[in-house]
Every structure is written in C-alpha cells, then in structure tokens.
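Novice: Chain residues, written in single-letter form:
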Amino acid sequence: MDIELILRVYPFFLQAALVTVQLSVLTCILGLICGAIGAFMRLSRLVPLRWFGAVYVSLFRGTPALIQVFILYFGGPQVGINLDAFTAGTIALGVNIGAYMTETIRGAILSVDKGQTEAARTLGMSKGETMRKVVLPQAARMMIRPLGVNINALIKGTALLAPISVIELTQTAQRFIGSTYKPFEMFLLAGILYMLFIYAVGLGINWLDRKARIS
Amino acid sequence: MTDQAFVTIKNAAKSFGALQVLKDINLTVERGQIVAIIGPSGSGKSTLLRAINELDPLTSGEVWLEGVQVNKTLPHRQYEAHVNQVRQDIGMVFQHFNLFPHLTVRGNITLAPRMLKGLSEDEANKLAEEQLAKVGLAEKIDEYPSRLSGGQKQRVAIARALAMKPKVMLFDEATSALDPELVEEVNLVMKQLAEEHMTMIIVTHEMDFAASVCDRVLFMDQGVVVEEGPPSVIFENPQEERTRNFLRKHLSR
Ligand SMILES: Nc1ncnc2c1ncn2[C@@H]1O[C@H](COP(=O)(O)OP(=O)(O)OP(=O)(O)O)[C@@H](O)[C@H]1O
Ligand SMILES: [Mg+2]
Numbered sequence: 345m346d347i348e349l350i351l352r353v354y355p356f357f358l359q360a361a362l363v364t365v366q367l368s369v370l371t372c373i374l375g376l377i378c379g380a381i382g383a384f385m386r387l388s389r390l391v392p393l394r395w396f397g398a399v400y401v402s403l404f405r406g407t408p409a410l411i412q413v414f415i416l417y418f419g420g421p422q423v424g425i426n427l428d429a430f431t432a433g434t435i436a437l438g439v440n441i442g443a444y445m446t447e448t449i450r451g452a453i454l455s456v457d458k459g460q461t462e463a464a465r466t467l468g469m470s471k472g473e474t475m476r477k478v479v480l481p482q483a484a485r486m487m488i489r490p491l492g493v494n495i496n497a498l499i500k501g502t503a504l505l506a507p508i509s510v511i512e513l514t515q516t517a518q519r520f521i522g523s524t525y526k527p528f529e530m531f532l533l534a535g536i537l538y539m540l541f542i543y544a545v546g547l548g549i550n551w552l553d554r555k556a557r558i559s
Numbered sequence: 011m012t013d014q015a016f017v018t019i020k021n022a023a024k025s026f027g028a029l030q031v032l033k034d035i036n037l038t039v040e041r042g043q044i045v046a047i048i049g050p051s052g053s054g055k056s057t058l059l060r061a062i063n064e065l066d067p068l069t070s071g072e073v074w075l076e077g078v079q080v081n082k083t084l085p086h087r088q089y090e091a092h093v094n095q096v097r098q099d100i101g102m103v104f105q106h107f108n109l110f111p112h113l114t115v116r117g118n119i120t121l122a123p124r125m126l127k128g129l130s131e132d133e134a135n136k137l138a139e140e141q142l143a144k145v146g147l148a149e150k151i152d153e154y155p156s157r158l159s160g161g162q163k164q165r166v167a168i169a170r171a172l173a174m175k176p177k178v179m180l181f182d183e184a185t186s187a188l189d190p191e192l193v194e195e196v197n198l199v200m201k202q203l204a205e206e207h208m209t210m211i212i213v214t215h216e217m218d219f220a221a222s223v224c225d226r227v228l229f230m231d232q233g234v235v236v237e238e239g240p241p242s243v244i245f246e247n248p249q250e251e252r253t254r255n256f257l258r259k260h261l262s263r
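Protein chains in written order, with my numbering: chain Y, 345 to 559; chain E, 11 to 263.
Listed next, with one range per pair, are the computed distances between beta-carbon atoms: (1) E/S25 with Y/A556: 39 to 45 angstroms; (2) E/A91 with Y/A380: 24 to 30 angstroms; (3) E/E149 with Y/L362: 51 to 57 angstroms; (4) Y/S470 with E/A28: 29 to 35 angstroms; (5) Y/P481 with E/E72: 34 to 40 angstroms.
The set of hints was computed from the structure by calculation and includes no laboratory data.
Backbone N, C-alpha and C fix where the C-beta goes; we use that ideal spot for every residue, glycine too.
Just chain Y, with the same shape it has in the complex:
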C-alpha cells in the first residue's frame, strides 16, 4: 500500500468530503420537505392529493436514482431546464429520498394509536389540532430512527453524482486513479471518509432518539 501517496492526496479528498457533506445536508433538507408534503398528501382526505402522493412515491421508488439524476441533468436541457451538475444532482437526489421519507413519515403517523386521535376528537379538538398537538409529537419520536436509515442511504447515494462530474468523494477517487493507477488506495481513502461521516451522523441520530425518549 502506498502510504506516501495517500498522505499526498488526502487534502483533496478532505475537500471532496466537504462537498459530500454539503450535498448530503441539502439533499436531506429537500428530502424532508418533500417527505412531509408527500406524507400529508398520502394521508389527505382528498382523493386527488392522495393519488398524487401515491404516484410520487411509486415513481421515485420504482426507478433507479441514477436514472432520475441523468434525466434531470442530461435530459433537462432538452426541455429548457439548464442546471449545473451540483444543483441538478441535489434536486434529483432530494426528490428521490423524499419519496422514501414520505413513507417513513406516513408510517410513523399511522403508528400512533387510533385511541389518541379518538380521545382528542372526543374532547372537541379539530383534525388539525389533533394532528399538531397529539399525533405529530408522538409520531416525531417514532420517525427519528427510520429517518436515520433514509439519511444513511442518501449519504451513500451522493456517490451517484460522480458520473455527472460533481467533485465529491467518489468522483475525486476516480479522478486520482486516472493519474496514479492506484485504485485500491484511492477507493479505500474515499471509503474511510464516507464511513467516518456516516458514523458521526449515526451518533447524532442515536443522541436525538435518546433525548426524545427521555422527555
């Protein structure tokens, strides 16, 4: 193993890791927004909204994320959507993970005991009040872990932006392989950085989950 090479290139990898972190954060925020909207559509009283939510979920979970990225980045210009790679990639991945988060959030809301809603409605609280004050506070606790699983997946998913030349970790590894012919070292370095990031996020999720449980 070429330790000296690793020491020489690692600053570039750190910089790329920062891009991966940025991508992950933005994707996560977009995903949560899409997930929240999607979940409320799926749970709506109105049939067209429910239908729209269901189509969103099955469309984005039913096709490879890579294809979604390609359609937006390569296909976009054909229909007048011109986005740089970073923006197109973030949007595509965010909307994609949002479909998974839709199901996570919806599942957590549905897992709150029906008796909770009945008790609140019986007191005279409206559907909205019941959702905000009784159901969501309980569902929020239950969705922390499964959302953690989605976030783990989206971090790894940012590697899908390498083929459209976003300078993130995987792309950086590939680029250095081109000039050094040392794929083992380069991918190992990228892998370690992914692992550290994912580990740190995992700790954060655990902490949140514990905190939510105690109070």
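Chain Y is already provided as a structure; the job is to place chain E with the ligands on it using the hints.
Specialist: Quick look at chain E with the ligands alone, frame taken from chain Y:
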C-alpha cells in the same frame, strides 16, 4: 325544558359494510339520569355509545343532545365545526384510557380547555387542580401517564373529560382493562359523579355496579334493545328469555 329529554336517540341504525350492528334503537335519557347498557360481546354497545358523539356516525336515525341534533347532515366544513362544538359537551371515557403519553397529567387535562375555551395558563392550572382533587390525584399533577397505575390513569382520563364541563358523560367499559383491585377506585369516582347528578351513559360488564348506581338498565343483544327498565326489574325479574340467559351467565360469578 323539564319534560324534554336530555339525550334522545331515534331509530338509530348502523352498518359496517354488510354487517348491521345497530337496528332501530330508541333511547331517551333525562337530565341527571344514569343509564347502564349491558349485553353480550359484539351486541353493539360500544357502537351505540360512539354514535352519540359521532365517533362512529349512524347510518340512519338521529341523536339529540339538549335540543341540538348531534348528527346533522352538513357540508364538510360546517359539519366538522358542528361536531367539534357538540363534542365539547359530551365527555367520553375509554376502556384503554387513551391518555396522551407525551404530556404530563396537567398537560392532558389542560390541553383541550386551553385550546378550545381560551383559558389562560393560570385558569387552566386551577382547573386541572380542581379536577384532579375531585378524582383524588392532586399530587400526581406533574407526573407523566407512564408513571401511573391503571386505576390512576383512568381517574386522570375522567378528570380530563370533566375539565371540558360536559353535559353528559359516556363510559365504555371504563374498568374492564383494570386489575381487579384497581376497579373500586374508579367506581368510586363514578359514584361520586352520580351523586352530583351528572348525566351518564355507562357500558359495563359489572352488574353489581350497574345495579347500585344506575337508574335504568338497557339490555342489548344483536343490535337491538331487548329489554329496559329499572335495575330492580332487569336484574331481579327480567321479562325476556334472552335477558335471563345473559344474566344467568354474568350474575353467577
Ligand atoms: N369499525 C368497525 N368496522 C367493522 N365492524 C365493526 C367496527 N366496529 C365494530 N364492529 C362490529 O360491530 C359489532 C358490534 O361491536 P361493538 O364494539 O359495538 O360491540 P360491543 O357490544 O361493544 O362488544 P364488547 O362487549 O366486546 O365491547 C361487532 O360485530 C364488531 O365486530
Ligand atoms: Mg365494546
């Protein structure tokens, strides 16, 4: 007002799909009256109770509370506003308590009054203290429900319902989920409400309790009221064969 029934159920029918659960039920309850509903499992007792506050709306028939029709047919928004309003007058206590686990006892009791009646924090706190004192749990005000025994949970649930100052209270097997030694403390609270002349409709499997507290007993079977009358008649001298059969099983214990 005096001769007008307080709660009236007229020709109530309810189906879940093809299953007809209630068939032409009529019931009137006077102000301050306490009515027990007894009957075998699946006879429709809970469904009838849940029809009174529109949790399980009737398929046909009418429910009235103090001159106001509860199950009005209205456009969606107006209907929602209407039921939210009338439900404030109808307290309900569930078999499994359904306390809000993320709120303290205080939060459980004050949530709805603060939100729906615009009480200030001080007023709401005072209300919570009053209601808790009534069910004998003043010292538990800052506990979370998970720290309470079943009997205490049910008493808090009763306090929560009473905090809305309802006109009528509905109890659906309030003591069925409790360990036997915890039943009495809940029964005592209900007896105390009876002494205060709270109008109550009580679904129960406890015949002794029904006999000692209620003014009237309804025996239901397969979605119809088979027989009704004062407890002395229903428990000691039932007229219907089905009532006698049911009581033979339940009184001999
Ligand atoms: N939401 C529902 N959907 C379909 N069927 C239902 C529903 N709720 C109740 N039923 C059916 O209606 C019938 C009456 O149920 P209900 O709960 O009113 O009986 P009950 O007299 O309260 O019985 P128990 O003593 O066991 O509580 C049962 O056959 C039950 O399976
Ligand atoms: Mg029942």
